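A.B. asks: In terms of the working numbering, the sequence shown opens at residue 187 and continues consecutively.
These aren't lab readings, by the way, just hints derived from the structure by calculation. In this text, all values refer to a predicted model and were calculated from it rather than measured experimentally. Built from N, CA and C at the ideal position, the CB exists for glycine as well. Just so you know, not all the hints are guaranteed correct.
Between beta-carbon pairs, the in silico distance windows are [stated by the list, open to error]:
1) Asp230 <-> Pro298: 33 to 41 Å
2) Leu266 <-> Glu434: 41 to 49 Å
3) Arg467 <-> Tyr277: 23 to 31 Å
4) Ile283 <-> Val221: 18 to 26 Å
5) Ser345 <-> Phe192: 36 to 44 Å
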Amino acid sequence: MKWRYFKQHLFFWIVKASIALIALSLGGLLVYIFVHGFSALSWDFLTEPPRDAMTKGGIMPAILGTFYLMTGAIIVALPLGVMSAVYLSEYSKQNRILRTIRIGINCLAGVPSVVFGLFGLGLFVVYLKFGSSILSGSLTLGILILPTIIGASEEALKSVPQTFREASLALGVSKWQTIYRIVLPNALPGILTGSILGLGRAAGETAPIMFTAAAFFTAKLPTSIFDEVMALPYHIYVLATAGTRIEETRPIQYGTALVLIALVLGIDLIAILFRSYMRRRKSW
187 MKWRYFKQHL FFWIVKASIA LIALSLGGLL VYIFVHGFSA LSWDFLTEPP
237 RDAMTKGGIM PAILGTFYLM TGAIIVALPL GVMSAVYLSE YSKQNRILRT
287 IRIGINCLAG VPSVVFGLFG LGLFVVYLKF GSSILSGSLT LGILILPTII
337 GASEEALKSV PQTFREASLA LGVSKWQTIY RIVLPNALPG ILTGSILGLG
387 RAAGETAPIM FTAAAFFTAK LPTSIFDEVM ALPYHIYVLA TAGTRIEETR
437 PIQYGTALVL IALVLGIDLI AILFRSYMRR RKSW
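Input sequences plus hints: build the corresponding full structure.
C.D. replies: Written out as structure tokens, the structure is:
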């Protein structure tokens, strides 16, 4: 008996130590970037374009470019992801084909982002001749986060009690109306939370936009979806590896990284607050 309790406490301590190690590592990384990047932050840094070979000025075009790509990605991925999840959860039969589709979705979720970037380059940039543009980058990022949205949406739909569906159908409501008016509203918090978290992942990706949308430098803002854009992840990569004055731009690198981290954490915080709000609303 004592040996069993000892193993249990030992396991709990290992879990706690692992969590503490991860938290300390993440906290140390955030503190390091904050200390080195805070000095670069200013109103001009957030609202001006780069100047003097990107050694001065700000990152406003990169911020706007990231926002455009994120908006395009969610416009592409959210409807497709939700419709796919509705079909898999509500209409498809539980057979070998469905299991194969789910395995494929899970495999796509683990594919390296550079593979999606090469896919977007071959399909959207070259074959469909969209060129390196917001459209190509948005479509590529939308496909990148699509497996995440499908998985989160399907789990949210499954969490809706089956009795809701049975009661609605028993009243003579059609299956589609049941899904549209009963199932989807109750699954909405989980769907939107998963979608927002997927969007946070897309905001920090470099490889997909490197091949499909991102420009090394552009002095003008985009005027259409067929224009190239600067983006925060790629801007960090350019400043740290391909610039002509890497050491001189070091504060700008850390400042840009700090803005990107704040953007991603802000997106995650919105997801947490929205989920909490929807849960409280359902309990009223």
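A.B. asks: Each hint needs a verdict: does it hold in this structure or not?
C.D. replies: Structure-based check of each hint:
1. Asp230 <-> Pro298: 33 to 41 Å: holds (37 Å)
2. Leu266 <-> Glu434: 41 to 49 Å: Roughly 44 Å apart at Cβ, these two residues keep to the hinted range, so it holds.
3. Arg467 <-> Tyr277: 23 to 31 Å: Because 28 Å falls inside the window, the suggested range holds.
4. Ile283 <-> Val221: 18 to 26 Å: Check failed, 53 Å falls outside 18 to 26 Å.
5. Ser345 <-> Phe192: 36 to 44 Å: For Phe192 against Ser345, whose Cβ atoms are near 37 Å apart, the range 36 to 44 Å holds.
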